[in-house]
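We have chain U; now place chain G onto it with these hints.
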Amino acid sequence: MRARREFVGWALAALLAWMVVYPLAIVGVGGVQDESGLTTRWIRAFLDRPNEWSALWGSLWISLASVALAALIGVPLAFLFTRVEFPGRRFLGAVVALPAVLPPLVGAVAFLFLFGETGFLAHVAQWATRSDAPPWRFQGAPAILLIHAYTMYVYFYLFVRAGLAQLDGSMLEAAASLGAGRRRTLVRVVLPLLRPALLGAALLVFLSSLASFSAPYIFGGSFRVMSTQIVRTRLNGDDRLAMVETAVLSLVALAALWWARRLEGRAATGGAKGAAPRRASVTRPGARAAITALAWLVAGLSLLPHATLLLVSFVPRGTWTTQALPPEYTLQNYVSLVTDPTRLRPLLTSGWMAAVATLAAVAIGLVFGLAVVRWRVRGATLLQWLVALPWAVPGTVFAVALATAFSVNRPWALRFLLVGTPIILPLAYLIRNLPIAGRAILAGYQSLDPSYEQAAASLGAGAWRRLRRVVLPLLRPAIVAGGTLAFVAALGDFMTSVLLYTYDTRPISLEIMGSLWQSDVGVSAAYGMVLMVVSAAVFLLTAEREEPR
Amino acid sequence: MSDDRYLVLDGLERRFGDVTAVDGVSLALRRGEVLALLGPSGSGKTTLLRMLAGFEQPDRGRVVLEGEDITRRPPEQRRFGMVFQHYALFPHLSVGDNVAFGLESLRFPRAEVARRVPEALALVDLAGYERRRVGELSGGQQQRVALARALAYEPRVLLLDEPLSNLDPALRERTRRELQDLIHRIGITTVLVTHEQDEAFDLGERVALLRAGRLEQVGDPAALYAAPATPFVASFIGRASRVPTTVVPAAPGVVRARVGAAWWDVPLPAGRSVPTHGPAVLYVRPEAVRLVVPGGGDVEGTVEGRRFAGALSTFLVRLDDGTTIEVQAPFILAVPGDRVALRPSRRAHGGLYLFAADE
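Protein chains in written order, with the working numbering: chain U, 1 to 549; chain G, 1 to 359.
The shape of chain U in the complex, shown without the other chains (with noise of 0.2 Å):
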């Protein structure tokens, strides 16, 4: 029985080694390799050109100032709506979560119709000052900032509300009897107990910053960072600095995750019991008022991408010039998405693909949430950083490793020739996805009592019937929340799609981009709907149960 559970907990390490360290290990290797043997002349090519050095400053420079900005908007968001009741608090709060179910692509892709030289607020301006040039020009690295902020800045929000959710009141109620004010309670006593979560949110932001690849993608114009220059590498044909470079991002990823997760072992641990603390109501009516009416002010400025991308998604092609509004609306390009082939075809493409990459990642991570949690097989921790590396390493890292690995076939190698087979896109999917599903079944599975199934075993139940009629159906919110995370995510990925796309597999994302291009941004805004549809009702399904009270 032990022999043969490590013997499944062995082989699945292999598998993810195979499918997460091995393609990352040839794109290392293959950095420092050429014909005759070990050389260093890519990472001399790499270290000589400014271009290069621009671009990994621009990432790490751009990734810090939207953690300073994503928490400047999200931690004061979240102490409003979590700290203070007034009318609505409930409502705008979750309202105010809403950029986050807008795809990367798809939210740069809004700002672009929002913000744009050609976009809805030009247009007004235009129409304002009636003057026919375009008023300003969003580009470079102040428009990443603003998209990764507005996107972004939502992780610290959510996190935060937690945070304060699973605050001990008590805590605060001891601060007050020992004398300390509100400020110096907030500096001394909740920020310090809320630093797992600051800390937690700005990884996220970072990595997230790190890896962005939509907005520098349509924004950056001259500025480069990290994630687009290999793209352009890649596309020039320079595969092997494009390796160089995939390693040092990748390396940037990882030492950032161990310097947080240094900090996080340092964080304080116990000690919290009891119920949250109470709300703070506003009974001066002029506060009130002040309060409520900032709160609409701030739900309705996170709403404006949402709305805009809804009203271009109504426009036919080439008709909004130099008006303030769009002259004419029509449900064409909706229609067209269902009804003309080449356009429907994307949607049914990213679908299945999305649907099998996250089915195998839920099957991977059963099987992994078993062998961690309830077999404690030897190399558990091996295990979890396996599953945990897709998600620290940016998505274009894996998109150039798979493209690399699976470009030759060489089967005694274990390599094969996936590149331009239906089979590469849903691999890296399955990849991108396992962090997402893996962790949600982790969690399922440490929080699930261990004496339900041995109550089964008792009754005589054997291990099929016991995983299929107890484990299963008591894992079932834990895999919904996490499959549908990860299907949500395949669905609109872009940043690993645009390298291993071929046309028989073009997925949403590529459509999105190439409507842009041919100007016909009603049919893009639609599909960008589409996804953020998908994406809103995911999100209603698995946040409802976590809304903080």
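Derived by calculation from the structure, the hints in this document are not laboratory data. Incorrect hints may have been included.
If the Cβ cut is set under 8 Å, some of the chain U residues that face chain G in the computed set are [as the list claims (entries may be wrong)]: (1) Q166; (2) D168; (3) L178; (4) G179; (5) G181; (6) R183.
Simulated restraints, written as ranges between beta carbons of each label pair [as the list claims (entries may be wrong)]: (7) A261(G) <-> G169(U): 54 to 60 Å; (8) S281(U) <-> R242(G): 44 to 50 Å; (9) A455(U) <-> F308(G): 53 to 59 Å; (10) R468(U) <-> A127(G): 55 to 61 Å.
Treat the numbers as computed from the prediction; the structure is a model and nothing was measured. All residues carry an ideal CB built from backbone N, CA and C; glycine is no exception.
Just chain G now, kept in the frame of chain U:
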């Protein structure tokens, strides 16, 4: 301002929706007095304590400290020390920083903080623990750190919320003694909340018994036991069996109460009026009655159960009219099923309490 009315609770009332958690409680504490708020869960004792601390605002009534109305004063300006039920030690701060927290809030000079933190820790027998993390400490040690933190800045009143409820029984006994010793040594005015009678009796010089938000009785433990003011006090403090009865006057200060087929002499309580003629309710302490051989004209019944408890065990006797009475007697005196008779102990007039029938 007299020291007899150092801390005054004046008609405090607090409602939560339809529920009146605290219903017109008035109390006065001497300087240095230790008062225990005792009551079953839901009796309002914790709400009362939280109003003293300033976490709850009373709907009516005042809290007065040394003649000054502090009812509306926020907790951080009361300079009270509080030990929370789960201690609420800050997990991100060291033991020393936890103890220093109040001193720094009150802007004690740095040198003063540096002097007082070790002092406070020494007071609770944790000298040298400054640099430890809170999570490394045992439950008993955490409790003492919480106490040191609350005492370090010499608060005007010490508030303890179920201070021993999180400790295991063996530790609880010892900590209780240490706590008692410490509070009396410092001589600090203290209000503690507990649902454990032993804790209230041990720590409190006076005990205030609450029920459904109202004060049932306030007094020293012996008075509460020996002269309960209400049937609730009689049954909540110590044990007592309820026996419906009929009384007739017997002598000045004494009535005769019918129990089964017999009549028992019951002293009339001082300070409250009870019927001297007609239906009434008698509360009987287990030690107020003894088991005797049936046939002597006493109340008779059957032993339903017995519980061994050392020198004197507890017997449950069902009288022939269906009433049950708990009696203390040596374990070997009877076995379940035996016919026995009950007779009031000669010395134990204190153990029989008469109340009006509808109470």
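Verification of the hints:
1. Q166: 12 Å, violated
2. D168: 7 Å, holds
3. L178: 4 Å, holds
4. G179: Holds, about 4 Å.
5. G181: Holds, because the Cβ-Cβ distance from G181(U) to chain G comes to roughly 6 Å (cut-off 8 Å).
6. R183: 11 Å, violated
7. A261(G) <-> G169(U): 54 to 60 Å: 59 Å, holds
8. S281(U) <-> R242(G): 44 to 50 Å: 46 Å, holds
9. A455(U) <-> F308(G): 53 to 59 Å: 37 Å, violated
10. R468(U) <-> A127(G): 55 to 61 Å: 60 Å, holds
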